[in-house]
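Asker: Each chain, written out:
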Amino acid sequence: MTQAQRLAAGGLVDRSTPVSFSFDGKPFTGFAGDTLASALLANGVRLVGRSFKYHRPRGIFSAGPEEPNALVELRAGARREPNTKATCVELYDGLSAESQNRWPSLAFDLHAVNQFASPLLVAGFYYKTFMWPSAFWERLYEPAIRRAAGLGRLSGESDPDSYEKATAFCDLLVIGAGPAGLAAALVAGRAGVRVILAESDFVLGGRLNCETHEIDGAPGSAWARQAEDELATLPNVRIMRRTSVFGVYDGECGAIERVADHMPAPPEHAPRQRLWKIVARQTILATGAVERSIVFGGNDRPGVMLGSAMRTYVNRFAAAPGRRIAVFTTGDDGWRTARDLRTAGLSVECVVDTRHTIAPDVLSLTGDTAVYLGSHVVDAFGGHGLRSIDIRDAGGIRKRVAVDALAVSGGWNPDVALATHLGASPTWSDAKAAFLATEPPRSMALAGAAAGHWTLAEALHDGGTLGMDAATRYGHPQLAQPRFRTSDEATEVQACWHVGGARSKAFVDLQNDVTDRDIALAAREGFRSVEHLKRYTTLGMATDQGRTSNVGGLAIMAELTGRTIAETGTTRARPPHIPVAIGAFAGLHRDTHFKPTRLTSGHQWATGQGATFVDAGQWLRAQWFARPGETDWLQSVTREVRTVRSAVGVCDVSTLGKIALTGPDVGTFLDRIYINTFSTLDVGKVRYGVMLREDGFVMDDGTTARLAPDHWMMSTTTANAAKVMQHLEFCHQVLWPELDVQMVSVTEQWAQYAVAGPRSRALLQQLLGTVADLSNEAFPYLACREFRCGSLPVRLYRISFSGELAYEIAVPANYGDALAQALIDAGRDLGVAPYGTEALSVMRIEKGHVAGNEINGQTIASDLGLGRMMSTRKDYVGRVMAARPALVDSKRPSLVGLKPVDPAARLRAGAHFVARGVPASPETDDGYMTSTAFSPTLGHWIGLGLLADGPRRTGERLRAYDPVRAGDVDVEVVPPVFVDPKGERLRA
Amino acid sequence: MLNLASKSAFATLRSASSGKGVVAAQRVGMAVATVMVRRGRAAALADTVRTQFGIELPTGPHWTAANGTMFLGVGPGKWLVINDAQNSAFVQELEDKLQGLASVVEQSGGLGILRLTGPALHETLEKGVQIDLAPAAFPPGSVAVTSIAHVGATLWKLDDAPIFEIAVARSLSTSFFHWLDASASARGLSTDDRPD
Amino acid sequence: MRIPCPFCGPRDAAEFSYLGDASVRRPDSSVPGDGLDAAMQVYVYIRDNPAGPLKEYWYHGAGCHSWLVVDRDTRTHEITGAAEAHSGAVS
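Chains as they are written, first to last, in the working numbering: chain A, 1 to 988; chain B, 1 to 196; chain C, 1 to 91.
What the hints contain is simulated information worked out from the structure, not anything from laboratory work. Quantities reported herein were computed from a predicted structural model and do not represent experimental measurements. Accuracy of the hints is not assured; some may be wrong.
[Stated by the list, open to error] Straight-line distance between alpha carbons at most 27 Å, and here's what the computed DSSO-like set of lysine-lysine pairs gives:
id: 1; chain 1: A; residue 1: Lys595; chain 2: A; residue 2: Lys723
id: 2; chain 1: B; residue 1: Lys7; chain 2: B; residue 2: Lys20
id: 3; chain 1: A; residue 1: Lys595; chain 2: B; residue 2: Lys97
id: 4; chain 1: A; residue 1: Lys723; chain 2: C; residue 2: Lys55
id: 5; chain 1: A; residue 1: Lys982; chain 2: A; residue 2: Lys899
id: 6; chain 1: A; residue 1: Lys874; chain 2: A; residue 2: Lys723
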């Protein structure tokens, strides 16, 4: 295809590098250096999309991230990205894009009938229409609306690309590499300041690439190249191209680097995008300004374009937005558009200026072009492309002019959103006819057009001055501030928001199809505050965030309500300033790497034993070890329980938290932490302890061993290890710093295995030989010992969670894998088997030991049958609050055992207890089942539960009410210890 | 007699990328301990460390080393001590030397330690370490206990070359390595199996 | 947000856990007295919610494990200082 609208000469595109692409399946050619928008224009494509609500034909309106219309689906398949702004897409070979929100085709869109139904689709239509009947909403209205009104389609597939996150540090972050940003980076960079220069575009220079200004006698774009070359030689300056700063947060900025968006797919090992956190001591906001539109009839027709965008397409991309062009302006800026269009050889039919008097030097910019002063464009006509405009002159006479493009210049809005993310609202300046960020964050300064300083000379001066400030502040050598020679341009502007008397729809917000009438309706219906206006009409929402429309909309509202713009105010910008893919925030943390996974040192061993693993916090724990022929987890678990109860089993308990406590005052410290006394514990002994939160509820439980007079080992539950550490450190550092106690986690240091069952002693004796005497006399229940096997340190504890004769043996974690295998080898003749967390849980329920289901943050010690452990002879954390009347009420739900009246019935945790013959209701709720298991030992299901006044109700029969799953099961209240209530086995 | 084989934390991990942008060498056989000063004994501890090890005990997040023993400041009154003399009795000897002045807790089996070098090291670390690692901000001798991609890590700089060492919890070595491998993949991660 | 840990230096806020107002003092619960229950109630539950400067507890769990008292302005999130919660904890 020829590029019919490509200008014969000029521009910054590389004419020696043609680039092929397709739009709606049709092949085109552009040049390297094009955006998708400029390449489409160069190929004469003017219709690029359909509008959100009315499906009106739309063209390219801008040349940047403010684009409300030219949204496309970029790429195909899993990489399809909807709502991509064609004005921001860097053209690459093989690019394919599709227009969106049209059916069946862009040129013929059936939903375009919506515009004739517009009385139904006015502001607030979601709230007013489709109200009744409510059942229709989900089935009928919503699907229909979603199909008709919307933007692009998601691929529905998982994202094949990867994303990264990174953090960068600097003294000075310069946001935007236009003239102000480049000047600031140059001055600060030369002085040795650590600078990051972030630019959204793929080339540096900003408006310098789009205008015909000169700096120091060179074209602006050439000066920008020179500046870039110099900055690239400075080791203290980092240039981040294709990087948009999207948010300013406390002490840092968020930025997204489009690493591979300018390629068909990321190269191997490269992420698609990289999310940056930039920590800067000082920030210069040099984001420039965005031109405003003017509201008049048909101002959305393809061919109506911001004046500055036209200059961009002509000067930077050598792409003609039209051949016969009119300019409609409220200030001097439009006249420069006319001049540049003429210079490019395009015909400027007329300049329409709302002002009556124009400075002579401005008037002279356009030579013999027809000029209408004190005049307005009232209506624009044309379906798929602009054909003509109606001008109303100073005398009120309408005149039709045939044009194929119209440049609109309604003044400029400084791009100050990033200056207001931390909360300050922009304030209106009558002098600048714009909202300015008068209270930027303390570490931020604004430069150039972002500060409302419109001219190039001001921008360069601002940048230079702020660059010097940074040089001074960060102690780098003072150099003389350079002077950049350039001309000043006229920037007078007279605000004009809205042209009355239009015959066709006049749009305020092109992206959301908000018209002047919608604003009027909102005003009539009382939605007059800017925040209400926004929500009611959707003005300023979606991907362009109202960059070209917000100010116009609220100016009209101000007019309608008889207020000034300053009184009306503006909405507050929140991050992100541009859309950012969710994948970028996730980075590497997706799928199995969503969170870090902790593996015990015996993980490989367990894998080899056929373990099925379960998440336990960050840990993976072996849940059960299926044997050949076992088809159901319950079979495996039942076998494992029987093995432990009849022979011996081995279970990896390394995940339990282990905290080494050292120092002479540990006993005193533990007395204050646990409800029971520890200072009396002998060396070589272990004690079970319960600790409370300060509010009296149980925090955690576990055993603590005294290995030496000043060396203790606390174990915590797997889930609470970090929380307990934090609690202990608070108690020590904040409450009792006078205690000589040190603590450190050793969870990682020790691999620990439970060896449980009547043959556990035999197994360990086989393993350890004569090193340790494990007889009941030498090593009774709750004994602990530390010894060496050769050079290998071993810790042995005689503790039991299963209720059997049991030990826990620990070695340094680098030997954990080998120990697991050694235990199995030593127990082969004894019938040993590994068991997982499921069997562990069955056995603890059989023994009535509480775990996370019972220690759930709502239970106190006496609820769990541990009330007698609460010492009355000492103080401890939580003691006072645990004695509150409601907590010592005997009617509180307390721990009981449950068994089904029908031995074949299954119990389910979560079922609520209700007296038999009483309807189930919150009033009759007597508590609930916390844990259940099939007990292989008893041959039926058993449960633990929290039952009101529980212990006194032994023998009573209740309903276990579970309407969601099992319905009703009759249960009998029994003591919570089902197996070996006297504890004879564990002392064997 | 129980005779078990030791397995290092990074023993089974291999890079999925090729290239030597980052070179990771596992350090094995190191004796590691946490040393925590007893209340009121900071000065005496510093004196003893000076006489016994010829080391000026760091008071901030820094390391000092002599004769194969390194003291890294990891918290107020808390150090990680690493000895690479392949001496399994080192921690016991350390405990004896610091008796009454500091608590010494064995950690030799709980950590995986990597020595990291290579031309792409800085851009790789930037993808996980949220600390300024520029030479001026983090000179050789610096130590940081921090979090890398949600994995707790202690890192220290040996040299501006750059050479870093990073210690992570053994249980998280697989997750940590996934981050390292993915972050270095653009320029390649090479795992050097030679111990030291 | 960056928090200037006195030991580690400035660190990302994600390395810390928040506890809240550091001006509250735990009553000495080892000394029985008529006011103890009420004082404990205040210590556990009652917090002011000032708009402005506040001293608050932060725990550097992913770093040096120090409990800190951080000076933060609740309106601006500006952090003006941080100290170990009890510098006497280590001497």
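Asker: Taking the earlier hints as the rules, which of them does this structure contradict?
Answerer: 3
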